[in-house]
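If you read the protein sequences in the order shown, they are chains A and B.
Numbering-wise (my numbering), the first sequence opens with residue 1 and increments by one.
Numbering-wise (my numbering), the second sequence opens with residue 1 and increments by one.
The set of hints was computed from the structure by calculation and includes no laboratory data.
These numbers were taken from a predicted model, which means no experiment stands behind them.
Even for Gly, the Cβ is constructed at its ideal location relative to N, Cα and C.
Heads up, some of the hints might be wrong.
To be verified - Pairs of lysine-lysine, BS3-like flavour, derived with a Cα cap of 27 Å: (1) LYS72/B x LYS139/B; (2) LYS9/B x LYS30/B; (3) LYS65/B x LYS79/B; (4) LYS139/B x LYS125/B; (5) LYS30/B x LYS139/B; (6) LYS30/B x LYS248/B; (7) LYS139/B x LYS329/A; (8) LYS320/A x LYS30/B; (9) LYS329/A x LYS65/B; (10) LYS9/B x LYS320/A; (11) LYS320/A x LYS79/B; (12) LYS13/A x LYS93/B; (13) LYS122/B x LYS133/B; (14) LYS80/B x LYS133/B; (15) LYS13/A x LYS133/B; (16) LYS230/B x LYS248/B; (17) LYS9/B x LYS93/B; (18) LYS30/B x LYS93/B; (19) LYS139/B x LYS79/B; (20) LYS329/A x LYS79/B; (21) LYS65/B x LYS93/B; (22) LYS230/B x LYS72/B; (23) LYS9/B x LYS80/B; (24) LYS79/B x LYS13/A; (25) LYS65/B x LYS122/B; (26) LYS122/B x LYS329/A; (27) LYS50/A x LYS329/A; (28) LYS122/B x LYS30/B; (29) LYS91/A x LYS320/A; (30) LYS122/B x LYS139/B.
To be verified - Going by beta-carbon spacing under 8 Å, a handful of chain A positions derived as facing chain B: (31) ILE34; (32) VAL35; (33) GLY39; (34) THR192; (35) ARG200; (36) ARG203; (37) VAL213; (38) MET214; (39) ILE217; (40) PRO324.
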Amino acid sequence: MRDKKISFNNLEKFLYQPSVFMILTGAALAVLLIVPWLGLNSYLMNIVVKVAIYITLALGLNILVGYTGLVSLGQAGFVAVGAYATTILTKVYGWNFFTSLIVCVVLAAAVGIVIGLPSLRLTGTYLSIITLGFGEIIRTVIIVWEPLTNGPMGIRGIPRPALGGITFTMANSGMYYLSLLLMLLVMLFCRTLVRSKTGRALRAVKGDETAAVMMGINVTYYKVLAFVLAAVISALAGSLYSTQLGYIDQNTFTFDMSTIILSIVILGGMGTLRGMVIGSIILILLPELSRSLTDYRFVIYGLILILMMRFRPQGILGWKSRLPYPIRKTVIERISGPQNQTADDGETNHA
Amino acid sequence: MREPLLDIKDISISFGGISAVEDVSLNISKNEIVSLIGPNGAGKTTVFNILTGVYLPDSGEIYFKGERIDRKRPQTIVKKGISRTFQNIRLFKDMQVIENVLVGTHTRTHYSLFDSTFRTRKFRKEEDEKIYKAIEILKILGLENKKDEYAGDLPYGDQRKAEIARAIATGAELILLDEPAAGMNPQETDELLNCIRYIRSLGYTILLIEHDMRVVMNISDRIYVLDDGKLIAEGLPEAVANNPRVIKAYLGGELHVGN
């Protein structure tokens, strides 16, 4: 067991060496870029795009669940806000898709603040129930606010995104590249977030709220911020998702969607980025691949989750990284440079 | 007389009619090591909680560097320069030791989400500076070789030290240590004493809650004794140790100070 662990650490170290990591990332990017030329049929391409969108959604929820420790069961609500905002602006008011994203971001942030506020008083299960309620409220609003949302009839013929004469469709792979771009941007954002004051504050809130307060962290601010970030990312993915589907109604954004996003985060490995990728691939591909099993697929689905919870609760790729904290060369040189006054004191050598 | 760094004037607090702390006054000068001792339930940790803004006192005033700080929020008090450790260790277990210390620098790290997202020069400069500072602090506590370990994986004594490192990282001048030697073996305790002395030599001021009499008598410049929410004695270690009220209330018998 111990030996296995050590060899795993070595493998991790090897994989994350700057040169190896660059090559692997480059290779992965190259593969992603040529996917449209692999001759996949439109059905498979649709699934690929769906996977990319769900990775983005999971990355958003991961900020809440994985970093900040706030479990949201209403993520579909944020997706709906983004989808409807964009759809209404482009279809009814003739806005450009990309301009409408600005409104979508602002709106999602505002909703995120409103939903984030109860989280200041509630924790754990109680908060989850509130978010669950939020998801259902959004669905009800969609049904009732007919003049704007067309109610239960839904909105069809949602225009594809277009920019400078180019329309991003499934046929010309524009949708694929657009969803890939959004996914990569969100991934980069999350990466920069973790290694920053903000990311550390969020993780501190998850680790121990009282201690976080005592370190001067404004817990209120960071909890709401986590909700806002998750909301904005979900809404952006939702905008894209609606143009892929071409038709949305209140049943597009059910509790099932929230559950799938949450399952991806848990299955893949909370608090990791790699986990979101593997989680989405499994949970989005599996139901499609096992369509022939009809009713039995839900048995397999449930079985996988149960086995995971029993044998790998941290998620498939949810290991604790053993890599040293990244420190820039200039700082290392400054530290290991001429020994300063601490060396002659003797007190420091007792470790 | 020179103005004390911390001046607590007649603070009282009660919970549901039960008085936890009653008219406690206490002052600390810069660069002193002062201990607050007393039997279990005497209200020591409550005093810490009032000092750090967790509880609002029912009455009384607290001045830090001449500025009134009672009724301020905990975050504000940290920024003013008071930081603490906890009786039951409260590290961020799933974060590396250096990340724990970096969390300590939070209030003094000045860049926005925009800066960190786009890795601006300001971000790199601030972050490098704080990482450098964090490692310097870890060196003080002899933890620099364990900076990449997860806080939860550290041995007990090191966890205590990591908490102290995190408290120092806030940039505090006054550090409140809540039973730092609890659960430590004699060797670890000696190490800790050296650590605390060394920290003081760097210019920090320390207020200590401690049960281990060896620690208290060894290291304190002055001692305050709390019993049942009230101060019953204060003064130099020898004087306090020989004070009959203290012996009666706290030690339950005679105390032999070392040497």
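Here's how the hints hold up against the structure:
1. LYS72/B x LYS139/B: violated (33 Å)
2. LYS9/B x LYS30/B: Holds. LYS9/B to LYS30/B sits at ~17 Å (cutoff 27 Å).
3. LYS65/B x LYS79/B: holds (13 Å)
4. LYS139/B x LYS125/B: holds (21 Å)
5. LYS30/B x LYS139/B: holds (23 Å)
6. LYS30/B x LYS248/B: Cα-Cα ~31 Å, so violated.
7. LYS139/B x LYS329/A: holds (19 Å)
8. LYS320/A x LYS30/B: violated (42 Å)
9. LYS329/A x LYS65/B: Violated: LYS329/A and LYS65/B sit about 39 Å apart, past 27 Å.
10. LYS9/B x LYS320/A: Not satisfied, since the Cα-Cα distance of roughly 48 Å exceeds 27 Å.
11. LYS320/A x LYS79/B: violated (32 Å)
12. LYS13/A x LYS93/B: With a Cα-Cα distance of about 22 Å, the restraint between LYS13/A and LYS93/B holds, given a limit of 27 Å.
13. LYS122/B x LYS133/B: holds (16 Å)
14. LYS80/B x LYS133/B: holds (19 Å)
15. LYS13/A x LYS133/B: holds (26 Å)
16. LYS230/B x LYS248/B: Since the Cα atoms of LYS230/B and LYS248/B sit roughly 14 Å apart, the hinted pair holds (cutoff 27 Å).
17. LYS9/B x LYS93/B: Not OK: LYS9/B and LYS93/B at ~37 Å, beyond 27 Å, violated.
18. LYS30/B x LYS93/B: The hint is violated at about 33 Å.
19. LYS139/B x LYS79/B: holds (23 Å)
20. LYS329/A x LYS79/B: At roughly 30 Å apart (the allowed maximum being 27 Å), LYS79/B and LYS329/A break the hint.
21. LYS65/B x LYS93/B: violated (33 Å)
22. LYS230/B x LYS72/B: Given that 27 Å is the threshold and the Cα spacing comes to 24 Å, the pair holds.
23. LYS9/B x LYS80/B: holds (19 Å)
24. LYS79/B x LYS13/A: violated (38 Å)
25. LYS65/B x LYS122/B: Distance of about 31 Å is beyond 27 Å: violated.
26. LYS122/B x LYS329/A: Holds - the C-alpha atoms of LYS329/A and LYS122/B are around 17 Å apart, at most 27 Å.
27. LYS50/A x LYS329/A: Given that 27 Å is the threshold and the Cα spacing comes to 41 Å, the pair is violated.
28. LYS122/B x LYS30/B: It is violated: about 34 Å lies between the C-alpha atoms, which goes past 27 Å.
29. LYS91/A x LYS320/A: Roughly 46 Å between the alpha carbons, so the hint for LYS91/A and LYS320/A is violated.
30. LYS122/B x LYS139/B: Measuring from Cα to Cα gives roughly 26 Å; hence the hint holds.
31. ILE34: violated (29 Å)
32. VAL35: Constraint on VAL35/A not satisfied, violated at 27 Å.
33. GLY39: violated (37 Å)
34. THR192: Where the cut-off is 8 Å and the nearest Cβ of chain B is about 5 Å from THR192/A, the hint holds.
35. ARG200: Holds: closest Cβ of chain B sits about 5 Å from ARG200/A, inside 8 Å.
36. ARG203: holds (6 Å)
37. VAL213: Because about 5 Å separates VAL213/A from the closest Cβ in chain B, which is inside the 8 Å limit, the hint holds.
38. MET214: holds (6 Å)
39. ILE217: Nearest chain B Cβ about 6 Å off; hint holds.
40. PRO324: holds (4 Å)
In the structure shown, a violation is registered for the earlier hints numbered 1, 6, 8, 9, 10, 11, 17, 18, 20, 21, 24, 25, 27, 28, 29, 31, 32, 33, in ascending order.
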